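*Asks:* Go by the hints and put chain U onto chain Y.
Spelled out, the chains give:
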Amino acid sequence: NAGVTQTPKFRVLKTGQSMTLLCAQDMNHEYMYWYRQDPGMGLRLIHYSVGEGTTAKGEVPDGYNVSRLKKQNFLLGLESAAPSQTSVYFCASRGQGMNTEAFFGQGTRLTVV
Amino acid sequence: AQSVAQPEDQVNVAEGNPLTVKCTYSVSGNPYLFWYVQYPNRGLQFLLKYITGDNLVKGSYGFEAEFNKSQTSFHLKKPSALVSDSALYFCAVRDGGGGADGLTFGKGTHLIIQP
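Quick note, the sequences are listed as chains Y and U, same order.
Okay, so the first sequence: first residue is 1 according to this note's numbering, each after it adds one.
Okay, so the second sequence: first residue is 1001 according to this note's numbering, each after it adds one.
Same shape as in the complex, but just chain Y (with noise of 0.2 Å):
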């Protein structure tokens, strides 16, 4: 029962390199999110999906890009990194249904210095 799997666990990055983070689910589900979490800040959506060759901005899209090429995958790019990036990052999924409860990855800490 892998659930949602995020890759990597931990990463740090200098200022304006890139990279990307990998979120796959095993439960067949049609929705697709990824949140930041900070301090006192809750989570905030980034980016979610709806389907597969979907993907539509959230709270707080902006330095950040998604693709979700299978149905069972979703990728969060950051094309320049800045510290201001620096956060843990969850990956969630869900069914069908607007009572359905979302599922969470265990989360990426990533570090901008």
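Worth flagging that the hints you see were computed from the coordinates, not collected in a lab.
Just so you know, these numbers come straight off a predicted model, no measurement behind them.
Check the hints yourself; a few may be wrong.
Derived contacts from chain U toward chain Y, CB cut-off under 8 Å, selection only [claimed, not checked]:
1) 1058
2) 1097
3) 1105
In silico EDC-like pairs for lysine to aspartate or glutamate, Cα to Cα no more than 20 Å straight-line [as the list claims (entries may be wrong)]:
4) U:1107 with U:1054
5) Y:57 with Y:26
6) U:1107 with Y:59
7) U:1058 with Y:101
8) U:1107 with Y:38
9) Y:57 with U:1054
10) U:1107 with Y:52
11) U:1069 with U:1054
12) U:1049 with U:1015
13) Y:71 with U:1101
14) U:1049 with Y:101
For every residue, glycine included, the Cβ atom is placed at its ideal position computed from N, Cα and C.
*Replies:* Using the frame of chain Y, we list chain U on its own:
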């Protein structure tokens, strides 16, 4: 736009006492409400969700939540706290009235259960 407020950054409760973690929400349509728990260095775990028509919802680990439509609240409760309940708790809402998909989270409440 949807929003969630958790007015307490921290709640301290003695072991064995009842606990309440407060949550109020604002949505334009029907509210879809959830509680999650986060232990240190872990992802979020689902606790319970509001089901239309049930004002008292029961969830995992003995937790329950009381939905109050007139007060737009969805407070988390437990009759007898355990030290192992100490964690960070998030209330979240999805707006049935449309707009961007995804859950909107409160800032979280640290629950500390003292032995």
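*Asks:* Look at each hint and say if it fits the structure.
*Replies:* Structure-based check of each hint:
no.	hint	in the structure
1	1058	15 Å, violated
2	1097	10 Å, violated
3	1105	4 Å, holds
4	U:1107 with U:1054	26 Å, violated
5	Y:57 with Y:26	24 Å, violated
6	U:1107 with Y:59	15 Å, holds
7	U:1058 with Y:101	15 Å, holds
8	U:1107 with Y:38	9 Å, holds
9	Y:57 with U:1054	33 Å, violated
10	U:1107 with Y:52	30 Å, violated
11	U:1069 with U:1054	11 Å, holds
12	U:1049 with U:1015	25 Å, violated
13	Y:71 with U:1101	17 Å, holds
14	U:1049 with Y:101	8 Å, holds
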